[in-house]
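Since chain P is already given, all that's left is putting chain U on it; use the hints.
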Amino acid sequence: MSTIAHSTDMSISRAEVLKTSRRATIWPIAGLILAFVYLAYAWFAFDVGGVLAKADWERGALMSRDSFHYKYQVELARRNDELSVTVEGGRGTEQDPLPAWITTDGKQTRVDLGDGYRAVMNANALTYTEPDGRQFVAEIKGKEVVVNGYRAFLDETESRYRYFPETAPERTNVVDYADLVALGVLPDGSSFAPSKFEFHPDYYKDVRITRAQIRVQRYFFGWEYFWFGPQSPLVDKSAAEVWGIVWSGDRIDPALSNAEFVFLQFWRNPDWQHNEMFTALLETLLMALLGTFVAAGVGLPLGFLAAANFNPMFASRMVLRRLFDFLRGIDQIIWSLIFIRAFGLGPLTGSLAIAFTDTGTLGKLFSEAIENIDNKQVEGVRSTGAAAVQRYRFGVIPQILPVFVSQTLYYLESNIRSATVIGALGAGGIGLKLVQALQTHKDWENVMYLIFLTLIVVVAMDIGSGWLRRKLIGESTH
Amino acid sequence: MTDSTLSIGQLHSHFSEMEKRRRLYTVLFIAGSLIIFFGGFSIAENLNSGGFWQGLSKFMDYPAAIVSDTLNADDWLVTIVGHVPALIETINMAAVSTLFGTLFAMILAFCSSRNLGIFAWIVPIARRLMDITRAFPELIIALFLIYLLGATPIPAIIAVAFHTAGALGKLFSEVNENIDKKPLEGLQATGATWLQRMRFGVLPQVLPNYCSYALLRFEINIRASAILGFVGAGGIGQEFRTAISWGAGDQISALFLLLFLTIVAIDQISSRIRRSLVGGAFQMA
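Line by line, the protein sequences give chains P and U. Residue 1 is where the first sequence starts when you use our numbering, and the numbers rise one by one after that. Residue 479 is where the second sequence starts when you use our numbering, and the numbers rise one by one after that.
Excised from the complex, chain P in its bound form:
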């Protein structure tokens, strides 16, 4: 109390009291300013503005739609006047009977696009109706498309499409796109060229007419054919029906029991390839597990040899320490590139890469843990007349076991993620599958499926290793 009384002496002004705290606050502020200056430099160094300007956000919207939706495609081929209704335009997905929202009498096909949007297709025309009743009729006349009485032509002088009424003489009374939209002849956002009219009112509907075909697409939420492929006899069955089949005695395939049959129909689904995904996941898991195991198994004895209290030879300790640094310093990716040359592609290469890097890391951690043990326990065991092996067994091992277990589990966890990355760059497994699916730039639903699988494995590994850690070394550590 006396010091407080002393420091609040009347002769010290408020400014002087605050001076020290000012000095203490100046560092964080200086740090913040430095960070801002650095970020400003980075903004220009990475040309963030330029990249954002060039970014393709439409791609993003289409990607997120395709990730979680599938489309029905109603197509009228004008060559032979044949109607086909497919899912994603895929072969073997022809719908028969047609869904309730498509009706046809052989000449005219009506498609309900949902939300009040409708389309009617016949041999030469596509009529598209908006919820407010506005109607757009696109017809094929000769070689060209006519929409609500207007034709398109390419204006060479202005290098864009312009339009004229079909009743007027060629290229007279010419109007622009904006005029037609204002007149209500064209829907806003549509594209109209001499041989094509196309419009998508939102991301889930699409109508299009060309000389070769009339096509209407409608998107639905979900992953179609996730359980059973389009050719499977189980494809139209509800979950309850499938359950019933599993337990019923009449075999669908005489060679297999019904449970096996249902499982194989799911497992070998050609659209989603569950079996291949599972194998790839297993490969990734194997890479991480094997790599971490080898690293822990090799790292522990090396850790003993690198610890000052167990290996009195300074030179050999130094050599080991530098070896750990070397193994650690080279990234897993680089190791895997070296191993791919020697061992080819596959999980073995990946696990060796993980094992090499982590032998360095775990060896270093273990040697530090061994150097930090409490010697009293060893002395106590020694005082009972224990031999060297027993001293290690009962004096040392119990002390480093918690470190050993918890660090190994932590590295196992992070190696699941690493194995995905190493795999993506060539070693195989789920990472490679993911990169391959991404590179098609269209099977986004498969990409999403792979991401979900990866996340499930990563999270399960997190939870599992946390549980194991608590079980093995008790609640207190971490």
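Some hints could be false.
Said to hold, decoys possible - Dumping the calculated BS3-like pairs for lysine-lysine here, alpha-carbon to alpha-carbon at most 25 Å:
| # | chain 1 | residue 1 | chain 2 | residue 2 |
| --- | --- | --- | --- | --- |
| 1 | P | K471 | U | K498 |
| 2 | P | K71 | P | K107 |
| 3 | P | K71 | P | K237 |
| 4 | P | K471 | U | K648 |
| 5 | P | K107 | P | K143 |
| 6 | P | K71 | P | K196 |
To be verified - Far from chain U, by Cβ distances over 12 Å, these chain P residues were calculated:
| # | residue |
| --- | --- |
| 7 | N80 |
| 8 | P97 |
| 9 | V146 |
| 10 | E166 |
| 11 | D176 |
| 12 | V185 |
| 13 | S195 |
| 14 | P270 |
FYI, nobody ran anything at the bench for these hints, they're computed from the structure. Every residue gets a Cβ at the ideal spot worked out from N, C-alpha and C, and that includes glycine.
This is chain U only, laid out in the frame that chain P set:
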């Protein structure tokens, strides 16, 4: 208490029973390990396109080829210097992503610590958010963003920052939950607002640990940024990939040396700073 009624004989049989069970667990553990090791090895070997034992003899071929390329190259030093800009780009990528990642991690950590008096409903939300960001491998986000933004360093920065936010956020919130509450109570007694309590009561306690973790993360992020270069995000990784696909041994060794030295140097510097920040035994799990 009930144990005191046990006779010595019962105690002995209990003990030997437990001992037996413990031995059984040990045996099971070792057997399980061996099965995973040998079983995993043989599965991995079967799945691999090349075998382990055949590969072993070829193991040194590639490094040997790189070394001989390097020895035969003229102006190897010039090659090294030529790759420095790419290295700086990678370091910048790591630094920017660490800065942003740390910022988001701090926000998440303050929202997910129960003892700081934040709205209770926000805590589980922030925790799940951290779980999600942590679980995403950087590569996935980077590949997506490269598709949207083009092959530039920015997708890598965003991806690394995203993962950093979750990983650091968890560590930060653990730091937050272990603080001394007395300064907070003292500040509350002076009528300080929540922001003031955080600024003067919590930040001074946690900032050294935060900085230390962030530095550690910076080291990790340099590696991550270099790796993402392999998928087209620029920096030293991209040059590495080009050199490898051309089989230019002298380029590979130059890049390798640069990356290795950088990682070791930053390792050393940051461990020194960390030691001065939080003193002595500081390790990241």
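The hints, checked one at a time:
1. K471(P) with K498(U): With a Cα-Cα distance of about 19 Å, the restraint between K471(P) and K498(U) holds, given a limit of 25 Å.
2. K71(P) with K107(P): Answer holds: K71(P) to K107(P) is near 24 Å, not above 25 Å.
3. K71(P) with K237(P): holds, 20 Å
4. K471(P) with K648(U): holds, 21 Å
5. K107(P) with K143(P): Within the cut-off at roughly 21 Å; holds.
6. K71(P) with K196(P): Given pair K71(P), K196(P) holds - Cα atoms ~21 Å apart, limit 25 Å.
7. N80: holds, 38 Å
8. P97: Consistent with the label, P97(P) stays out of reach of chain U, its closest Cβ about 38 Å off (over 12 Å).
9. V146: holds, 38 Å
10. E166: holds, 42 Å
11. D176: holds, 33 Å
12. V185: Its Cβ never comes within 12 Å of chain U, the nearest being 35 Å, so this holds.
13. S195: holds, 31 Å
14. P270: Check passes; 22 Å lies beyond 12 Å.
Hint violations for this structure: none, all hints satisfied.
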